[in-house]
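Undergrad: Taking the hints into account, I'd like the entire structure generated from these sequences.
Chains as they are written, first to last, in numbering that gives the first Met the number 0: chain E, 0 to 86; chain C, 0 to 395; chain G, 0 to 207.
Take these hints with a grain of salt, some might be off.
To be verified - Here are the simulated SDA-like pairs of lysine to any residue, each with C-alpha atoms no more than 20 Å apart in a straight line:
#  : chain 1 : residue 1 : chain 2 : residue 2
1  : G       : Lys104    : C       : Glu117
2  : G       : Lys36     : E       : Thr21
3  : C       : Lys3      : G       : Asn156
4  : E       : Lys57     : G       : Ile102
5  : E       : Lys62     : C       : Tyr202
6  : E       : Lys18     : G       : Ala97
7  : E       : Lys22     : G       : Pro46
8  : G       : Lys104    : C       : Asn110
9  : C       : Lys274    : G       : Asn156
10 : G       : Lys104    : E       : Tyr54
11 : E       : Lys57     : C       : Asn42
12 : E       : Lys18     : G       : Glu35
13 : G       : Lys183    : G       : Pro76
14 : G       : Lys36     : E       : Asn16
15 : E       : Lys57     : C       : Leu45
16 : G       : Lys80     : C       : Glu261
17 : G       : Lys104    : C       : Leu43
18 : G       : Lys104    : C       : Glu44
19 : E       : Lys82     : G       : Val105
20 : G       : Lys36     : E       : His19
21 : E       : Lys18     : G       : Ser44
22 : E       : Lys18     : G       : Arg126
23 : E       : Lys62     : C       : Asn295
24 : E       : Lys62     : C       : Ala213
25 : C       : Lys3      : G       : Ser155
26 : G       : Lys36     : E       : Ile12
27 : G       : Lys104    : E       : Ala43
28 : C       : Lys274    : G       : Gly157
29 : E       : Lys18     : G       : Leu43
30 : G       : Lys104    : E       : Ile56
31 : G       : Lys104    : C       : Glu109
32 : E       : Lys57     : C       : Glu44
As the list claims (entries may be wrong) - Covered stretches of chain E (chain G as the covering partner; in silico rule of three or more C-beta atoms under 8 Å from a C-beta of chain G):
#  : stretch
33 : 13-21
34 : 46-58
Since the hints were derived computationally from the structure, they do not count as laboratory data. Using N, Cα and C, we set each Cβ at its ideal position, and we do this for glycine too.
What follows is each chain in one-letter form.
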Amino acid sequence: MDKLIADLKIQIIEALNLKHLTKNDIEDDQPLFVKGLGLDSIDALELIVLLQQRYGIKINDPKEGPKIFHSVRTIAEYITENKSDQP
Amino acid sequence: MNSKVLVVGLGVVSAIGRGVVEIHRSLQLDNSGIGEARHLRTNLELPVGEVKLSNDSLKDLLSVKDRIPRTALLGLLAARDALADSTLDLTGWRTGLISATTVGGMDFTENYFEENLEDLSDGNRDDVRNHECGKITQLIAEDLNVTDFVTTVNTACSSSANSIIFGARLIAQGHLDIVVAGGADALCRFTLNGFNSLRILDYRQCRPFDASRAGLNLGEGAAYVVLASDRVVQMDKIKSLCCISGFGNSSDAFHQTTSSSEGEGSFLAMRESLKRADLEANQISYINLHGTGTENNDLSEGMAIKRLFGSNLPMMSSTKGFTGHTLGASGGLEAVFSIMSIAHGCVYPNLGFENSIPELGIIPQLKFGNDLPIRHVMSNSFGFGGNCSSIIFSVK
Amino acid sequence: MKNVVTSFCSIRNRQIVKDGQIVFRSEEGLLQAFLEKAYSELKLSYPRFYKMDRLSQLGWLASEIIFGGGSYPPNLPDLNKVGLVLANRNSSLDSDIAFHQSISKVPSPSLFVYTLPNIVLGEICIRNGFKGENAFFVQESFDTSFLVSYVDMILSNGNNAKCLAGWVDVLGEDHDVFLYFVEKIARSRSLEHDSSKLLKLYNTTWIN
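TA: Quick look at the structure:
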């Protein structure tokens with residue numbers, strides 16, 4: 000789980016063009032969509048793309064987003080529960 | 000404004016037909032043009048408002064032999080129809096063409112790219128020669144033989160409304176005598192995939208201003224209006240349908256693709272159009288809503304309307320349940336529908352509505368209505384980037 | 000009385016000029032690296048910058064140079080009356096290419112957002128709170144006589160009091176930005192809002 004969380008931080012920074020941040024700037028349980036990172040609705044959609052491309056997980060209803068993407072840890076937990084066995 | 004701006008010709012092609020007679024009939028009979036794509040090759044199973052003519056059919060109608068993008072074919076058809084409808088002879092008048100598009104020649108370009116992925120220099124270069132937005136305008140200008148003033152507008156979904164506004168200004172201020180203004184956009188995979196990635200497309204037919212609305216349906220089409228000064232109308236003794244009495248454009252300054260919750264940009268644009276027209280809100284007979292069917296737009300637009308009109312809400316409807324959202328052409332298409340509303344004394348229905356959006360309590364026009372005293376119609380077009388436009392058409 | 004140009008910014012050949020002074024220059028390297036270096040060395044602070052496409056980054060950078068050094072929103076009366084009129088030749092082609100490449104994998108929503116040239120207008124307005132008229136034209140080349148007429152027209156009726164205008168174009172490594180601020184009342188160093196004067200500024204090669 001720790002490795003997944005660390006990897007996720009780097010992937011999120013890359014996918015969302017958060018070039019002013021490093022993985023040490025994002026805490027495991029920090030809310031992603033409140034002030035700190037300033038993420039918006041387009042970022043949420045890009046996270047859906049990230050899950051699909053990297054982890055083979057399809058989120059069909061964007062409304063599930065706020066719960067899944069609450070923090071890096073909740074994303075990691077969701078991936079662990081739902082990861083597709085296919086490459 | 001200094002000189003009156005009169006509408007003297009209309010040309011339109013959409014999912015519900017070509018020309019005002021056929022389209023009026025479709026609108027009157029609740030005949031939506033939204034359904035499965037027949038001409039666009041796509042894996043996405045999404046309802047669209049496709050023009051029911053293949054490129055070959057369009058070329059035949061136009062007697063055009065060259066391979067040109069679908070946007071240009073649709074644009075040529077509507078622009079020629081508009082000019083013919085006006086019965087104007089452009090000789091001797093200072094004439095402009097202001098055309099809008101967001102898609103340009105992308106339908107050809109995306110096919111070229113796919114077919115020649117191995118070696119991009121392999122394909123027929125003619126297929127990408129007309130990719131640019133400006134090239135589409137140029138094709139139409141050359142066809143209509145308009146040379147005095149030609150330009151292209153691209154401001155997303157408010158594009159062709161902005162073309163019409165600019166045309167009106169040029170006539171009002173005496174820079175030009177006649178302006179053909181509007182826009183065209185064809186369906187293509189680039190746009191369909193793009194909107195799908197934003198998750199704002201409905202997999203069912205769209206339901207503008209309904210509580211359960213789930214997104215928009217993309218459409219395609221083209222529409223042009225011919226605008227002329229009083230002097231032209233008097234000297235050439237031609238008919239005029241109505242005038243453009245007001246317009247407004249503002250920036251929402253909130254987000255690239257969503258509108259502010261209180262609809263500030265929309266509010267400012269509508270308010271400005273009333274001010275320019277020297278009208279009170281309660282004088283507006285009917286609003287042709289932007290009404291895309293997305294959660295965000297309809298709520299935001301509804302809020303802005305309530306702020307501006309208070310308890311004196313006019314009749315209103317979105318016609319996108321018939322045509323889909325035609326993007327760069329939508330302002331033009333809906334301008335034509337607004338003008339038809341004045342000409343016929345009618346209002347068109349808002350398809351797909353069952354329950355009001357709870358925060359608004361607005362019930363749009365549910366049935367076609369005629370024999371109505373329609374004096375002033377407001378047409379709204381709000382685009383990505385927060386570009387908000389509103390035009391008021393009035394009896395002359 | 001003629002309107003006046005109270006500030007301008009040009010970005011070309013990896014060089015940023017404000018009101019005739021070079022404020023940043025990068026000798027060599029790619030456009031993206033130049034933009035990010037300019038952002039950090041000019042000590043700008045707007046993380047959203049990194050999400051923008053290159054057209055928006057160029058337009059935003061130029062507007063930031065014009066208004067920068069002050070508070071946000073800029074200290075201008077009535078932001079509802081600040082308009083924005085831009086034009087270019089390549090529309091959003093630079094971003095269209097990037098988005099199209101993503102379609103073969105998974106279409107990227109953040110790339111699609113920028114496949115319209117007027118989004119740069121939106122970005123500048125969001126940053127500064129401008130709510131006046133916005134227009135974007137696609138034209139063969141920078142037509143100062145067209146822009147001067149258009150801006151004068153929208154300033155003439157009282158709905159817009161000031162206007163940011165100009166040319167913002169990018170395709171691949173080629174970039175060409177000339178942005179200027181037009182007001183009704185002259186400040187200490189103003190230039191008449193005139194087509195040939197603007198064209199001269201646009202064509203000037205600046206060397207400090």
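Undergrad: If a hint holds in the structure, say so; if it does not, say that too.
TA: Hint check:
{"no.": "1", "hint": "G:Lys104 <-> C:Glu117", "in the structure": "holds (17 Å)"}
{"no.": "2", "hint": "G:Lys36 <-> E:Thr21", "in the structure": "holds (17 Å)"}
{"no.": "3", "hint": "C:Lys3 <-> G:Asn156", "in the structure": "holds (16 Å)"}
{"no.": "4", "hint": "E:Lys57 <-> G:Ile102", "in the structure": "holds (16 Å)"}
{"no.": "5", "hint": "E:Lys62 <-> C:Tyr202", "in the structure": "holds (16 Å)"}
{"no.": "6", "hint": "E:Lys18 <-> G:Ala97", "in the structure": "holds (19 Å)"}
{"no.": "7", "hint": "E:Lys22 <-> G:Pro46", "in the structure": "holds (16 Å)"}
{"no.": "8", "hint": "G:Lys104 <-> C:Asn110", "in the structure": "holds (17 Å)"}
{"no.": "9", "hint": "C:Lys274 <-> G:Asn156", "in the structure": "holds (11 Å)"}
{"no.": "10", "hint": "G:Lys104 <-> E:Tyr54", "in the structure": "holds (14 Å)"}
{"no.": "11", "hint": "E:Lys57 <-> C:Asn42", "in the structure": "holds (17 Å)"}
{"no.": "12", "hint": "E:Lys18 <-> G:Glu35", "in the structure": "holds (9 Å)"}
{"no.": "13", "hint": "G:Lys183 <-> G:Pro76", "in the structure": "holds (13 Å)"}
{"no.": "14", "hint": "G:Lys36 <-> E:Asn16", "in the structure": "holds (15 Å)"}
{"no.": "15", "hint": "E:Lys57 <-> C:Leu45", "in the structure": "holds (18 Å)"}
{"no.": "16", "hint": "G:Lys80 <-> C:Glu261", "in the structure": "holds (19 Å)"}
{"no.": "17", "hint": "G:Lys104 <-> C:Leu43", "in the structure": "holds (15 Å)"}
{"no.": "18", "hint": "G:Lys104 <-> C:Glu44", "in the structure": "holds (18 Å)"}
{"no.": "19", "hint": "E:Lys82 <-> G:Val105", "in the structure": "holds (18 Å)"}
{"no.": "20", "hint": "G:Lys36 <-> E:His19", "in the structure": "holds (12 Å)"}
{"no.": "21", "hint": "E:Lys18 <-> G:Ser44", "in the structure": "holds (12 Å)"}
{"no.": "22", "hint": "E:Lys18 <-> G:Arg126", "in the structure": "holds (19 Å)"}
{"no.": "23", "hint": "E:Lys62 <-> C:Asn295", "in the structure": "holds (14 Å)"}
{"no.": "24", "hint": "E:Lys62 <-> C:Ala213", "in the structure": "holds (12 Å)"}
{"no.": "25", "hint": "C:Lys3 <-> G:Ser155", "in the structure": "holds (18 Å)"}
{"no.": "26", "hint": "G:Lys36 <-> E:Ile12", "in the structure": "holds (19 Å)"}
{"no.": "27", "hint": "G:Lys104 <-> E:Ala43", "in the structure": "holds (18 Å)"}
{"no.": "28", "hint": "C:Lys274 <-> G:Gly157", "in the structure": "holds (11 Å)"}
{"no.": "29", "hint": "E:Lys18 <-> G:Leu43", "in the structure": "holds (14 Å)"}
{"no.": "30", "hint": "G:Lys104 <-> E:Ile56", "in the structure": "holds (14 Å)"}
{"no.": "31", "hint": "G:Lys104 <-> C:Glu109", "in the structure": "holds (15 Å)"}
{"no.": "32", "hint": "E:Lys57 <-> C:Glu44", "in the structure": "holds (17 Å)"}
{"no.": "33", "hint": "13-21", "in the structure": "holds (count 5)"}
{"no.": "34", "hint": "46-58", "in the structure": "holds (count 3)"}
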